[in-house]
Every structure is written in structure tokens, then in C-alpha cells.
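Visitor: All chains should be modelled from the sequences, with the hints used to inform the complete structure.
Note that my numbering has the sequence shown beginning at 315, numbered continuously upward.
Hints were generated in silico from the structure; no laboratory data involved. Incorrect hints may appear among the rest.
[Stated by the list, open to error] The calculated label-pair distances, taken between Cβ atoms and stated as ranges, are: (1) 508 x 659: 26 to 34 Å; (2) 708 x 499: 37 to 45 Å; (3) 343 x 400: 33 to 41 Å.
In this text, a Cβ means the ideal position worked out from N, Cα and C, and glycines have one as well.
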Amino acid sequence: MSGLPFTLLVPEPPGSPGSTTRDRLADAVAIGCALAYGALMMAIGDATKPGAAVPWPVDAAIGVACCLGLLARRRWPVGVTAAVIPATAVSVLSTGAAIVALFTVAVHRRARVALLLAGAYVAAVPVYFLLHDRPEFPLWVDLVARAGPSSAAIGWGLFVQGNRRLTRSLRERAARLEAEQHLRVDQARLTERARIAREMHDVLAHRMSLVSLHAGALEVRTDARPEEVAIAAGAIRTSVHDALQELRTVIGVLREGAAGRPEPPQPGLADLPELVECARATGMTVSYTCLVPVAGPSVVLGRTLYRVVQEGLTNARKHAPGSAVAVLLDGAEGADLRVRITNPCPPDVRPPTDPSAGMGLVGVGERVALVGGRVEHGRDDAGFRVEAWLPWPA
315 MSGLPFTLLV PEPPGSPGST TRDRLADAVA IGCALAYGAL MMAIGDATKP GAAVPWPVDA
375 AIGVACCLGL LARRRWPVGV TAAVIPATAV SVLSTGAAIV ALFTVAVHRR ARVALLLAGA
435 YVAAVPVYFL LHDRPEFPLW VDLVARAGPS SAAIGWGLFV QGNRRLTRSL RERAARLEAE
495 QHLRVDQARL TERARIAREM HDVLAHRMSL VSLHAGALEV RTDARPEEVA IAAGAIRTSV
555 HDALQELRTV IGVLREGAAG RPEPPQPGLA DLPELVECAR ATGMTVSYTC LVPVAGPSVV
615 LGRTLYRVVQ EGLTNARKHA PGSAVAVLLD GAEGADLRVR ITNPCPPDVR PPTDPSAGMG
675 LVGVGERVAL VGGRVEHGRD DAGFRVEAWL PWPA
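Guide: Pasting the structure below:
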């Protein structure tokens, strides 16, 4: 269904008409203006003179009824206008109500509907002309008297409608921008949380695995000599101390980075030999081959390499204790920088049950992705492998 008949059946949303003090005040002003305009037209056209085709009390009664009908103009703008227009063929006072009703249609409906109703309003002039004997006013004068004000009312109504649409569009845009801003803030918060989790894992997982290793040895070897117990306890103390130091460093990085200040030095490629020696000191068998100049890669690449190797050693210590670990770094400037950590998988190894298992490799993947690289990890014929490729700009 479409067109004017359909619009007669479609009301405005409930609750909008006359629902506020401002709306009631506007209705009172509209009715007052309609009565004033109709009374002016009656005075100009001598509608109150004796012998008029429609007695002025009848004219006034019809006009007042039409003006009171304007109270429903917001709820049924087209219906009210369609009911008022026929009355204008009989009552001069009702012309004011018709002008206000046309304005309301222009505000709440499409321009085509308002123009069709305005055409019907002007078309009622010949009927009015036949009912009222007015030789002093030609037909064209009445046509202009109706076409002019109705055109002005429709133009004003369309302007109000356009202004309301613009205001509504701006409000929706502002609400959308605010929602997008909240989304960006939430995304930044999630990114920062992931960064903190990654840093905490990289710092604590390696050191805590050392603590767990030595503590487990003390628990199992109840017959250990005092010297061996002292060595293990010293290793635990050193690992905890180093973990606290690195944790303070990470917290400092996060705080200083948020304040826009320089970050404290981070471990890099030059620190890998020390990391390997630390692993060997715990009893691990680690072979380390570096075919890359220490001063070659950037600080960011060096730090990423360090974290990849650290995670590989930690996983080997946790899931394949006693296995030999091989660490290889190679690559060429202008190509990819590769790091590969491999270790045999013991035949009796069981899948990890720790809920946090695998999170370190997730963090490694995120770190490598940040510098445009990629990571592969899993089992192969040689055992378990963690391998990463990082772009090394020339």
C-alpha cells in the first residue's frame, strides 16, 4: 500500500503527540493562530453579513470544530487535514485550521503528500465560490488567497522537517562516534592487558620453572647431602631474586611507557649467551649456535629473539626434562632472521594439564606478529620444534 490513502491509516508513534507541556502549549498557539486567521478571512470576505449562503453562526461552529480537531494533528496529521479541507468549502473560519494542518503534514510526512492535500485545499475554492455570492471577488483572487498561505505553510513545514532530520542525524552521528570511541578505549585496554600478560609470562615463567625444578629435586631427593641442599636452595633464592628484579623492570617499563618516558634497557641478542648459560647451570644440555652478528639486528628484533629462545627453553625444561635442546640463529640482512629451538620428546611425556599451558607460545606468536614475523611450533620427526622468522630490513 502506498500513497495518500495509506498515509491516512498510519499514525505517528504513540506518546509523541501532546505528551509534554511544550506540545500542549504549541497546540494552544496553533489553535489560536488558526482562529485568528479564520476570523480575519471572515472579516475580509464579509462572511458575517446578513443573507450569506452559510449563516455565520454555522460557519463559526464548523470552524471552531475544525480548530479543536487540530489537537489530534500530530497523531493523525493526514487524517485531520483530509477532514478539515472539505469544511473549507463551506466555512471561512476553518481555513485557518486547514493552514495549520497542512503545516503539520509537511513536518511529519513526505512533501508529495503535503502537496496533494494543498491541491485539494485550493480545489475547494470553486465549491466555496458557488455557495457564496461574492461578485466583488473574482475566482482567481480566492485561488491566490488559498494557494499563497498554503504554499508558505508547506514550505515552512518542510524546512522544520529538514532541520529535525539534520538534528537527529547529528545526534545519531555523535552517539555513533561516542560508541566507537568507547570501543577503541576497550580495545586499547584489552591490548594493554594482553601486553601486560605477555610481559609477566615472559619474565616469570622462565624463572619460576627453575624454582620448580630445584624444589622438585629437593622434594624427591630426601637423602641429599647438605652441600647439595645448599646449592639447590641457593639456586632457588637466585631464581626468585632474578624474577623479582625482572618483574620490577617490567612494571617500570609499563609505567614509564604510559608516561611517555624512556624505557629501561631490555634483554636482547647480546644477552642470549647468558640465558643459555643460566639454563646449563640448572643441568640442561643446551647447544647454542648464533650465525648472526650481535650488533646486526635492531633492538626490537633482538628483544623478540630473546623472548622466543627464553620461551623455548622454558617449555623444554617443563615438558621434556633431561632432553638436549638445540638453539640456532641464522639469517641475512635484507631477508628473514630465523630462530629455531628443538628438543627430543620423551616417550612418556603427557599432555600438560595446567590451564595456562600454551599461553607462552601464544604470547610469542603475538610478539613475533608485532614485528611482521611468523611462528611455527609443534612435533616433528626430530621432536618438538619452535621456529620463528622475523623480517630483517637491510
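Visitor: Do the Cβ positions of residue 343 and residue 400 conform to the proposed distance bound of 33 to 41 Å?
Guide: Hint violated: Cβ distance 25 Å, outside 33 to 41 Å.
Visitor: Note whether the CB distance of residue 508 and residue 659 lies within 26 to 34 Å or breaks it.
Guide: holds (29 Å)
Visitor: For the range 37 to 45 Å, tell me whether the beta carbons of residue 708 and residue 499 fit it or not.
Guide: holds (38 Å)
When each numbered hint is compared with the structure, a violation occurs for hint 3 only.
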